[in-house]
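Number of protein chains: 2
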Amino acid sequence: MKPALPAIDPAREAGAAVPPGPLDFYFDFISPYGYFALAQIEAVAARHQRVLRWRPFHMRAVTREVLGMTQAMGDVPLKGPYVRQDVRRTARWLGLPYAPAPTAGFSSVVASRFLCVVQDKHPQSAAAFARAVFHSHHALGRSPNTWDDCQGLAAQIGVPLDALNEAACAEPGRELFRAATAAAVAQGVWGTPTFVVDGEMFWGSDRIAQVDAWLEQGGW
Amino acid sequence: MKPALPAIDPAREAGAAVPPGPLDFYFDFISPYGYFALAQIEAVAARHQRVLRWRPFHMRAVTREVLGMTQAMGDVPLKGPYVRQDVRRTARWLGLPYAPAPTAGFSSVVASRFLCVVQDKHPQSAAAFARAVFHSHHALGRSPNTWDDCQGLAAQIGVPLDALNEAACAEPGRELFRAATAAAVAQGVWGTPTFVVDGEMFWGSDRIAQVDAWLEQGGW
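Note that the protein sequences, when read in sequence, are chains A and B. Counting along the first sequence from 1, when you hit position 160 you're at 159 in numbering that gives the first Met the number 0, and nothing is skipped either side. Counting along the second sequence from 1, when you hit position 195 you're at 194 in numbering that gives the first Met the number 0, and nothing is skipped either side.
Read the hints as simulated data drawn from the structure, not as lab findings. Note that beta-carbon positions come from the ideal geometry of N, C-alpha and C, so glycine has one too. You can trust all of the hints, since none of them are fake.
Incomplete in silico selection of chain A near chain B, CB under 10 Å: (1) V65; (2) G67; (3) L77; (4) K78; (5) Y81; (6) V82; (7) Q84; (8) D85; (9) R88; (10) G187; (11) V188; (12) G190; (13) T193; (14) M200; (15) F201; (16) Q209.
Covered, in the sense of this in silico footprint (three residues per stretch, anywhere, with C-beta under 8 Å from a C-beta of chain B), are these stretches of chain A: (17) 69 to 76; (18) 89 to 103.
Distance windows between CB atoms, simulated: (19) B:T102 with A:G187: 17 to 23 Å; (20) A:A212 with B:G217: 28 to 34 Å; (21) B:H134 with A:G104: 47 to 53 Å; (22) B:G104 with A:A169: 50 to 56 Å; (23) B:A71 with A:I156: 42 to 48 Å; (24) A:A178 with B:P19: 51 to 57 Å; (25) B:Q216 with A:T69: 36 to 42 Å.
Using the sequences provided together with the hints, build the complete structure.
In structure tokens, the structure reads:
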């Protein structure tokens with residue numbers, strides 16, 4: 000009996016170059032560890048010629064509705080104070096500017112909806128807008144909570160504002176962000192930042208070395 | 000006006016060598032990340048001539064009574080399955096043997112009490128006994144749940160069993176372990192593994208590179 004033949008990939012058989020899959024970066028703007036991941040994961044994607052996809056999701060909704068946790072991490076005894084110390088030490092360790100506005104004063108929801116609209120209407124500006132939001136909150140001590148705040152950031156990076164007016168875009172942004180959060184949960188994402196590449200999921204900025212090695216070695 | 004003089008350390012002034020402080024390793028045997036930390040943190044302590052102190056504590060008691068979390072991490076939707084995948088991938092990444100017994104079938108309490116008694120009566124054997132428990136559960140698929148199981152492990156590393164009989168030692172072990180858990184909480188420890196050196200606390204096996212650098216640089 001002949002052994003079964005391995006499955007044939009028609010594109011590869013025909014000699015066509017099969018583009019490698021994207022590197023998905025799931026995040027909530029509120030997370031300092033997402034901010035720490037930013038520069039590193041862009042470099043990893045570039046090194047391995049992977050397209051980085053920016054995938055915002057609503058962390059607090061997932062924490063409450065999927066994980067069943069009602070307590071904000073910052074309010075957990077012992078863990079909250081430790082995390083506040085860890086993020087400052089890790090920022091210094093990474094050599095990153097870190098001067099966040101108070102977490103309690105920032106809701107990432109509007110900025111996330113705004114990003115979804117930018118991705119929809121001006122996809123080439125999405126990365127720059129996402130970087131601008133992270134930098135604004137975590138390095139400049141601001142809290143871009145309103146549509147106007149987000150328009151201000153978009154203007155700084157040259158996105159045409161007429162396509163981003165609140166009356167026309169806020170509701171579609173709400174729907175896009177809701178769908179983005181549902182897609183994250185469907186993928187199994189439960190924390191921020193999370194990376195998915197070639198079907199493999201990694202949670203945490205401290206797993207980026209593994210993501211890099213996974214792409215280098217094709218898994219292990 | 001003369002500037003204030005720096006504080007003088009009398010021991011240093013007298014030319015005496017001031018021994019550097021210990022590196023405290025807080026853990027619960029049940030944690031695979033504690034097992035992953037084991038070999039690495041011993042090497043870090045040795046490299047910087049720090050005495051490694053083995054500090055068992057009861058993680059589940061802390062999680063419930065201090066952190067206020069009633070759900071076991073393994074039962075958290077999405078997070079539980081992710082962690083099970085992450086520990087297997089990380090074990091392969093570190094090149095460590097990893098074949099644990101089911102977590103639900105292992106209570107680390109008796110082994111922790113036994114370790115406290117060994118630390119009290121045969122301190123020179125404490126490291127070997129702690130390594131043996133970690134290895135037994137996480138690499139050999141066993142669950143040393145009883146005093147007899149622990150005596151078996153102690154015998155393998157040559158600890159005289161007559162000093163470790165259950166009738167005389169179980170109750171002191173209970174008290175020592177209770178005090179050890181209280182001491183961990185008093186230090187601010189809330190997760191496993193945690194490392195404390197020179198008053199600085201680090202949580203997680205993925206912070207060992209920071210512990211190493213902290214000792215190398217004297218902080219940053």
